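Each chain, written out:
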Amino acid sequence: MIVAEQKDIAEIIPMTEGYQNILVIGCDTCVTVCLAGGAKEVAILACSLRLAARARGKKVQVDEISIERQCEKEFVDSLQSTVRGHDLLISMGCGIGVQTIAEQFPNLAVVPALNTKLLGLPERQGVWVERCQACGQCILDKTGGICPISRCSKSLLNGPCGGSQNGKCEINKEIDCGWHLIYERLKSLGRLGCLEEIMPAKDWSRSRNGGPRKVIREDMCL
Amino acid sequence: MDFTPAIVAFCCENSAYRAADTAGARQEGYPSNISICRLPCSGKLEVIHILKAFEEGADGVFVFACHPDSCRFLLGNVRAGKRIEHTAALLEKIGIEKERLRFFYLSELEWTQFLDLVRQGNESIKSLGPSPIKVKP
Amino acid sequence: MKAGSRLEKLLIQGEFVATAELGPPKSADIQLIKHKAGILRGFADAVNITDNQTAIVRVSSIAAGKIALDEGLEPIIQMTCRDRNRLAMQSDILGAYVLGLRNLLCLSGDHQSFGNHPQAKNVYDLDSIQLVQMAKRMRDEKVFQCGEEIRNTKKSDLLEPRMFLGVAANPFADPFEFRVVRLAKKIKAGADFVQTQCIFDLPKFKRWMEMVVDQGLHEKVFILAGIMPIKSPKVLQYMKNNVAGMSIPDELIRRMEGAKDAKAEGVKICVELIQAVREIPGIRGVHIMAVEWEEIVPTVVREAGLWPRPEVAAE
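Residue numbers (the numbering used here), protein chains in the order written: chain A, 97 to 318; chain B, 250 to 386; chain C, 241 to 555.
Chain A on its own, in the form it takes in the complex (with noise of 0.2 Å):
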């Protein structure tokens, strides 16, 4: 899933200078799992805004709904009635929800209150880690399942590098070293000749190096 956490609510407050019918918007897919912009937390927001701005002497209307997903127009429609009268959207999806917001609603603002951060899983109770990088060429199948561009901090294909000791990435002792682990995964499924071979360079115009990405399926185009 995608996993986004929300920003502080000192950036967040600034953001809504100048603006008095303000409509928070949660999304119940994969930030609700994240605990980051679900219904639960839009009511956490809209209220820390709505106290925000008494604190500071003004008066200003913070109202609340979530959607079932930002990132499809179809549910965004939904909110047409929603919106009319607010001047401020604050979308606590991720950066997709936002855009598919301001698409739209092109005549209202629309500000992030999330930072979208990594697609992965929870590791446990409050933890998430990243597993893919949406490169565009999976290569997992000569990995052991295990990915050397999103785990290993320097997206190597030829690892582990000289600095991974102990299991663990030089660059802090906290993270794993993706290459370590695809080593003990090929060596328990005896397949460690796979490392021997030498991985080429990749051809990164599939991933964000060939600009902003499209997937077209021909056969569903109407």
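Simulated from the structure, these hints should not be mistaken for lab results.
Fair warning: this is a prediction, and the values are worked out from it, not measured in the lab.
Incorrect hints may have been included.
To be verified - Examples of chain A residues lying across from chain B (beta carbon under 7 Å, computed): (1) 105; (2) 106; (3) 139; (4) 140; (5) 143; (6) 144; (7) 147; (8) 148; (9) 150; (10) 151.
Cβ coordinates follow ideal geometry from the N, Cα and C atoms, glycine included.
We have chain A already, so just place chains B and C on it with the hints.
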């Protein structure tokens, strides 16, 4: 200036709520400006409940949890402690002094301590004055 | 002969080579480069010019390398994958070559979080193994990484950069059993010589070398053992605690602590290590990494009996 603060005390029903009950039964009155809110466990308390209390006009919020290692639900008091810490930081950034939010551990038997804590707490909120969100229009 | 560098010639000639390191300055200080070059001249067969080592901005390795070359040194240009993509790397390899630089050491590079710009976006378009592979193909197949031939127009001559290619190897990093596999991979990619991480744990290094020799890798690549002169027990302790992929025996730290003159003891340890690695089958030289202590290199070289340095034999 004569000021009577509005205070909400969230009490776990397994400890502080009973202590408050005992205090009441013994006719040892605690300040009447303190509204007690009964919780099934301090861990049930959410950030939004504290914010709402301030939004509704509280000048102070007290949270009573069971002592460490005494939570009937094992970690409810630990969760409450962490949430209070988080909420205090949030309040400070919003513009509400974090001292208006107090967190205490208490057992069912400590009814005299309960009285001491709410009386002292009441005084400290009094000295802080009305909540900043109430002072301004 | 692959590149015809002085380092390559001396190695082929069978000399026990000694390389050293020159760290470019953190300012536009040409005098410091010349000063350091002056210290090392005549005491090292080739000198690594580091590339923003520990991710701290310094004079570029190629620029400093050219100055060192003019000062009479044989530079080994270090190139990391951290700061450049494949375009910049190939352009710099061509640039280094036209400036007369003939040795290239291919490294992954220290992560930027260690340096003075931890907010930087790193590159790692290629990794060190892919970098060696690319540089080798440029030299031997006369093509760029994309496969295009290295010439100005279809009718012009192929003019490829011919670099003697080095890599680093860390026998002390984990997983230990994989370290020899990784060296084999680097050789397969095109490494001509190897400089190892600095050695303090001699028994572990010997175990690694036995594995290297067992696989016959010492016959495919020239292996130079990394040696670091240390100034104080504090430096050792610091490296033990903070530098990943180092193996430093406590006994060595105690020896440094017990010494009246720590610097002299450091030199003594260094000389002993050089003499010890010289006895290990498959070792073809030493790489003396006197980080920010270049002035000690002549002493180490002399005391290790490695002075005067050999000349390239007339053809």
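Hint-by-hint comparison with the structure:
This hint holds: residue 105/A has a C-beta 5 Å from the nearest C-beta of chain B, less than the 7 Å allowed. Hint status for residue 106/A relative to chain B: holds, with the closest Cβ pair at about 5 Å, below 7 Å. The interface hint given for residue 139/A is met, as the beta carbon of that residue sits about 5 Å from the closest beta carbon of chain B, less than 7 Å. Restraint check, residue 140/A versus chain B: the minimum CB separation of about 5 Å is within 7 Å; hint holds.
Evaluation of the residue 143/A hint against chain B yields a held restraint, the C-beta minimum of about 4 Å falling below 7 Å. For the restraint placing residue 144/A at the interface with chain B, the shortest Cβ-Cβ distance is roughly 5 Å, inside the 7 Å limit, so the hint holds. Interface hint status for residue 147/A: upheld, as the beta-carbon distance to the closest one in chain B is roughly 5 Å, under 7 Å. Using the Cβ-Cβ criterion of 7 Å, the hint placing residue 148/A at the interface with chain B is satisfied: the shortest such distance is roughly 4 Å.
At about 4 Å, the closest approach between the beta carbon of residue 150/A and any beta carbon in chain B falls short of 7 Å, and the interface hint on this residue holds. With its C-beta approaching chain B no nearer than about 3 Å, residue 151/A sits inside the 7 Å limit, and its interface hint holds.
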